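Asker: Starting from two chains that each stand alone, build the complex the way the hints lay out.
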Amino acid sequence: MGIKFTLAELCIASASEAFEEDGESLATGIGIIPRLAASLAMKTCNRDLMMTDSESFMLSEPNPIGPRDANFIQANENWMGFSRIFDNIWNGRRHAMVGPSQIDRFGQTNISALGEDYRQPKVMMLGSRGFPGNSISHRNSFFCPAHTKRVFVTGECDFVSSVGYNPSRLPRGHSLEEIDIHRIVTNLCVMDFGGPDYQPRLRSLHPGVSLETVIENTGFELFVPDSLPETIVPTGLQLDIIASLDPHNLRASQIKDDLRGSAN
Amino acid sequence: MNKVKSAKEAIGQLEDGMTIGIGGWGPRRKPMALVREILRTNLNDLTLLSYGGADVGMLCAAGRVSKLIFAFVSLDFIPLEPFFRQVRQSGKLDVLEIDEGMMLQGLRAAAWRIPFIPTAVGLGTDIVEKTSEIKIINSPYDDKEWVAMPALELDAALIHVDHADCRGVCQISGPDHYMDDWFARAAQNTIVSCDELVPESFFNDENAARKVFWERAVTDSVVLIEGGAHPSSCAPLYGFDSEHFRSYAGFAKTDGIKGYLEAYLGKDENDYQSKVGGLQAIRNLPLPVY
Numbered sequence: 286m287g288i289k290f291t292l293a294e295l296c297i298a299s300a301s302e303a304f305e306e307d308g309e310s311l312a313t314g315i316g317i318i319p320r321l322a323a324s325l326a327m328k329t330c331n332r333d334l335m336m337t338d339s340e341s342f343m344l345s346e347p348n349p350i351g352p353r354d355a356n357f358i359q360a361n362e363n364w365m366g367f368s369r370i371f372d373n374i375w376n377g378r379r380h381a382m383v384g385p386s387q388i389d390r391f392g393q394t395n396i397s398a399l400g401e402d403y404r405q406p407k408v409m410m411l412g413s414r415g416f417p418g419n420s421i422s423h424r425n426s427f428f429c430p431a432h433t434k435r436v437f438v439t440g441e442c443d444f445v446s447s448v449g450y451n452p453s454r455l456p457r458g459h460s461l462e463e464i465d466i467h468r469i470v471t472n473l474c475v476m477d478f479g480g481p482d483y484q485p486r487l488r489s490l491h492p493g494v495s496l497e498t499v500i501e502n503t504g505f506e507l508f509v510p511d512s513l514p515e516t517i518v519p520t521g522l523q524l525d526i527i528a529s530l531d532p533h534n535l536r537a538s539q540i541k542d543d544l545r546g547s548a549n
Numbered sequence: 030m031n032k033v034k035s036a037k038e039a040i041g042q043l044e045d046g047m048t049i050g051i052g053g054w055g056p057r058r059k060p061m062a063l064v065r066e067i068l069r070t071n072l073n074d075l076t077l078l079s080y081g082g083a084d085v086g087m088l089c090a091a092g093r094v095s096k097l098i099f100a101f102v103s104l105d106f107i108p109l110e111p112f113f114r115q116v117r118q119s120g121k122l123d124v125l126e127i128d129e130g131m132m133l134q135g136l137r138a139a140a141w142r143i144p145f146i147p148t149a150v151g152l153g154t155d156i157v158e159k160t161s162e163i164k165i166i167n168s169p170y171d172d173k174e175w176v177a178m179p180a181l182e183l184d185a186a187l188i189h190v191d192h193a194d195c196r197g198v199c200q201i202s203g204p205d206h207y208m209d210d211w212f213a214r215a216a217q218n219t220i221v222s223c224d225e226l227v228p229e230s231f232f233n234d235e236n237a238a239r240k241v242f243w244e245r246a247v248t249d250s251v252v253l254i255e256g257g258a259h260p261s262s263c264a265p266l267y268g269f270d271s272e273h274f275r276s277y278a279g280f281a282k283t284d285g286i287k288g289y290l291e292a293y294l295g296k297d298e299n300d301y302q303s304k305v306g307g308l309q310a311i312r313n314l315p316l317p318v319y
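Protein sequence lines correspond, in order, to chains A and B.
So the number in the working numbering is just where the residue sits in the first sequence, counting from 1, plus 285.
So the number in the working numbering is just where the residue sits in the second sequence, counting from 1, plus 29.
Misleading hints may appear alongside valid ones.
[As the list claims (entries may be wrong)] No farther apart than 30 Å at their CA atoms in a straight line, the calculated lysine-lysine pairs in the DSBU-like style are these:
(1) B/K96 <-> B/K282
(2) B/K159 <-> B/K173
(3) A/K407 <-> B/K304
(4) A/K407 <-> B/K282
(5) B/K96 <-> B/K121
(6) B/K34 <-> B/K287
(7) B/K282 <-> B/K296
(8) A/K407 <-> B/K121
(9) B/K121 <-> B/K159
(10) B/K34 <-> B/K296
(11) A/K407 <-> B/K159
(12) A/K541 <-> A/K289
(13) B/K32 <-> B/K287
(14) B/K37 <-> B/K96
(15) B/K296 <-> B/K96
(16) A/K434 <-> A/K407
(17) A/K407 <-> B/K164
(18) B/K96 <-> A/K407
(19) B/K159 <-> A/K434
(20) B/K37 <-> B/K240
(21) B/K287 <-> B/K37
(22) A/K541 <-> B/K282
(23) B/K96 <-> B/K287
(24) B/K282 <-> B/K304
[Stated by the list, open to error] Covered by chain B, according to a simulated footprint, are these stretches of chain A (three or more residues, beta-carbon under 8 Å):
(25) 333-341
(26) 353-367
(27) 402-412
(28) 439-447
(29) 481-489
(30) 501-508
Since the hints were made in silico from the structure, they are not lab data.
Note that the structure is a prediction, hence the values are computed from the model and not measured.
Note that CB positions come from ideal geometry on N, CA and C, so glycine has one too.
The shape of chain B in the complex, shown without the other chains (with noise of 0.2 Å):
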């Protein structure tokens, strides 16, 4: 089986309106060439699901989004995302905000074919006061109420990994995995960037095979695009750019979402690679340390 597509191949599958979870988190290993290639269409009315970063800033500010479901929204080095602060105080955006872990019980519920996931997260806090999607229900086995986080149930999740073969078997050999096992089981579509594009036999060795972290069968497509997270990082191939972040910063107090787009954008990966210096400056980019 082969699921390699382009990525214009990979993100003309995606509809308006569609729930799409995206991976990574805050500035961490973003499929942000996949975004971009969303940016190069017209898609929108889309409910985004993140642990954002600019890839939340961007499709919010570009007019794409109707509806975020969020725990935080950060460039880490630059706390407040400034384009998803600047959507946000504008009142043009239906969220559902929620905890990190629920996001995460959200996904599973949705990846085990359940409805819902009890939990005590949320409880007395406005996190289930300010929305009517969040039920509070009572427990079967013991005489209180708990939340019932609802499934997070997925159009199409976009992940970046390092390594993956033509099959679909994917490789996070960066420290985290994050929660992109579970936005590639909570999909319908699982669309999936890589830096490198590997052999089967890659995975023989025990210590890759250790770094897949869902079946093969859970992937859907796999688009090589090196450099394929920038600006933020892929570890331990790269870390994000700052400088970049800087700029993309700029543009939300001068010319807007609208003149970044035009400054580098560009027709097709290759093209907005040429305007950041290119993929060996990408792949130079320093590890960040915490």
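The following block holds chain A by itself, in its conformation from the complex (with noise of 0.2 Å):
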């Protein structure tokens, strides 16, 4: 009798292991599974996680997502608006979940534009917003709901939004170890830097999928470790804080035919 969960939720539960060993930092995810994530973290593995409203507060507990009761009463700690983030961000102290539209072997993204041409892109998509800064100022991680060669490109990004550990667009005097490219969670797999010279490595595989399925669907060389094991699944208790912190399940169309519900 093993416990049912989603595939959104065995990656909101993955993510959030990312935001462990953090400590006092500030922790944004952007898109409700990388919210999820950070808020689960929040409230289990990481108490000391720092989060805002979003909008312009900063919060003791994560606000759950979507519409909220009229009496709702959110834990204010401080006031955040948006000048006073980025003192937050080139200082250090923010780990930012983020789901780029292309990621590269070097971990650069892209979501700016698509296409050969940046004068006149084939895809205009939301510009670079904070991504350039955030990637040079503190730890960074990515969420990806569908894991293709599309995404995961085989060149480099059509457009470097963030810095990644290209040693070629390394700056003079800069080093990569002051890149902090953490984990790489995909309806697939968990992935990270760890392999030889920063080469992207696979952590864990999500039960039910095969190496080759992700090698086929990846645009480059990924690290494989000798030992491979299986992504850790949500226990009960996460995902009844789950459940909370998200009451009108916006989760559940996060991913494309997400129908593990009766998996395990």
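Answerer: What follows is the structure, encoded as structure tokens:
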């Protein structure tokens, strides 16, 4: 009798581990699954995390996602407008988990524009937002709901919005050790940059996913350790907390064909 | 001193080719009525600098912008601004793409009257590779390279606030004033629209005074436009108009910005508001939950 969980819940629980050793640091999860992962971490493996209401206050307890009762009072602890966010970012006490459109073998990412010609992009996306500053200032992790070669590209990203472990782009006097890309969680597996010379490394495969599937869907070569564990599945306590943080079940629509509900 | 002007008078101070900064953030507290007033003139060849939302989409699609300085353009719940996207993909827009924080640094440098601010932001990315406008420099204090974020000097800044007095004391009582204080300080001419014009004594209350983020000397013009942020939000007075934004985004797929402006712009702000349901409907828009 295993515990039932969805793929989204597996990803949330697994991604929450990324924040475990951050200490007193601002955890920012952009998107439903990263935000739930950061919130779950703050409720379980790292009670010291800091979090915002995604608007202008820091919270001592994460807010549930989606519409809330009229009598809901959020647990403010200080004002944290956008300009002050940068004071925190540039000081380094933050870990952002974001969902880039492209990720290359160096851990460089793109959320700006697709296509060869930057002057006339094939697809204009958001613009680089805060990615350049985040990537040079503090720890970052990525979540990808659809692990394909379109995301994990073979060459460099079309536009490099965030800095990665690319020696040829390293400015003089700086070291790759200053860059901290911590974890990549996808619908198939968990990865990091712990291979030789920061090579992307497979850490674990989600239950039922084969090594071949991951390799076929990744545009660059992964370092595969001799012993490759299965991703740890969520506990009953984690699932209860996730449900309380996401009472409208917005997580259900985050991963295409999330049918793992009856797994294990 | 009385800095109150009509929207027409205030926007009438602007000239072709100017660099204009627009306050607010995405779909939040944008001086949209002032943007509409620009759209009622023939102003063009503008350089625009904004944490962009529909302000950028409208002005770019209407052909008024020759260059855009931006970190993102988004309506939040519609992540990709449809008109900005079209113009960008047409290859007709000159851009300087920077990080959100670099924009803050550039505005600060302009406000502090220094040529640049050294920073790590942008190092190793295409933000510095795809432009010749942002220089990498050697530090006099260590052996490393740093980005020299240039001052972003503005000919004018457009900002929307909830309360102001006729001398230019401006209050932002919503949860965040974003970078509006830096837009105001970086500009030669700061034009502020307000939802409510109040007497000087309004600010005697220390709680009101604490929500004033720049000194009145920084404000040059005050324009009373109730509901003037619509369709963006002006917390705590009203939220953004998601229905209107959907209609706006729909025009990108059909009749384009021309169709949108024909449907809504009107000859003045009263005319505009009558086309979007009136001031009371704007005031009734619920605040968003994040």
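Asker: Look at each hint and say if it fits the structure.
Answerer: Structure-based check of each hint:
1. B/K96 <-> B/K282: Holds - the C-alpha atoms of B/K282 and B/K96 are around 24 Å apart, at most 30 Å.
2. B/K159 <-> B/K173: 21 Å, holds
3. A/K407 <-> B/K304: 35 Å, violated
4. A/K407 <-> B/K282: 17 Å, holds
5. B/K96 <-> B/K121: 9 Å, holds
6. B/K34 <-> B/K287: At roughly 28 Å apart (the allowed maximum being 30 Å), B/K287 and B/K34 satisfy the hint.
7. B/K282 <-> B/K296: 25 Å, holds
8. A/K407 <-> B/K121: Holds - the C-alpha atoms of B/K121 and A/K407 are around 13 Å apart, at most 30 Å.
9. B/K121 <-> B/K159: 17 Å, holds
10. B/K34 <-> B/K296: 18 Å, holds
11. A/K407 <-> B/K159: 16 Å, holds
12. A/K541 <-> A/K289: The hint holds at about 18 Å.
13. B/K32 <-> B/K287: Violated, at about 33 Å.
14. B/K37 <-> B/K96: This hinted pair holds, its Cα atoms lying about 24 Å apart.
15. B/K296 <-> B/K96: 27 Å, holds
16. A/K434 <-> A/K407: Holds, at roughly 18 Å.
17. A/K407 <-> B/K164: Judged against 30 Å, a Cα distance of about 27 Å means the pair holds.
18. B/K96 <-> A/K407: 19 Å, holds
19. B/K159 <-> A/K434: 25 Å, holds
20. B/K37 <-> B/K240: Holds. B/K37 to B/K240 sits at ~28 Å (cutoff 30 Å).
21. B/K287 <-> B/K37: Roughly 21 Å separates the two Cα atoms, so the pair holds.
22. A/K541 <-> B/K282: The hint holds at about 26 Å.
23. B/K96 <-> B/K287: Holds - the C-alpha atoms of B/K287 and B/K96 are around 20 Å apart, at most 30 Å.
24. B/K282 <-> B/K304: 21 Å, holds
25. 333-341: holds (count 4)
26. 353-367: holds (count 3)
27. 402-412: Check passed, 11 qualifying residues.
28. 439-447: holds (count 4)
29. 481-489: violated (count 0)
30. 501-508: Not satisfied, violated; 0 residues make the cut.
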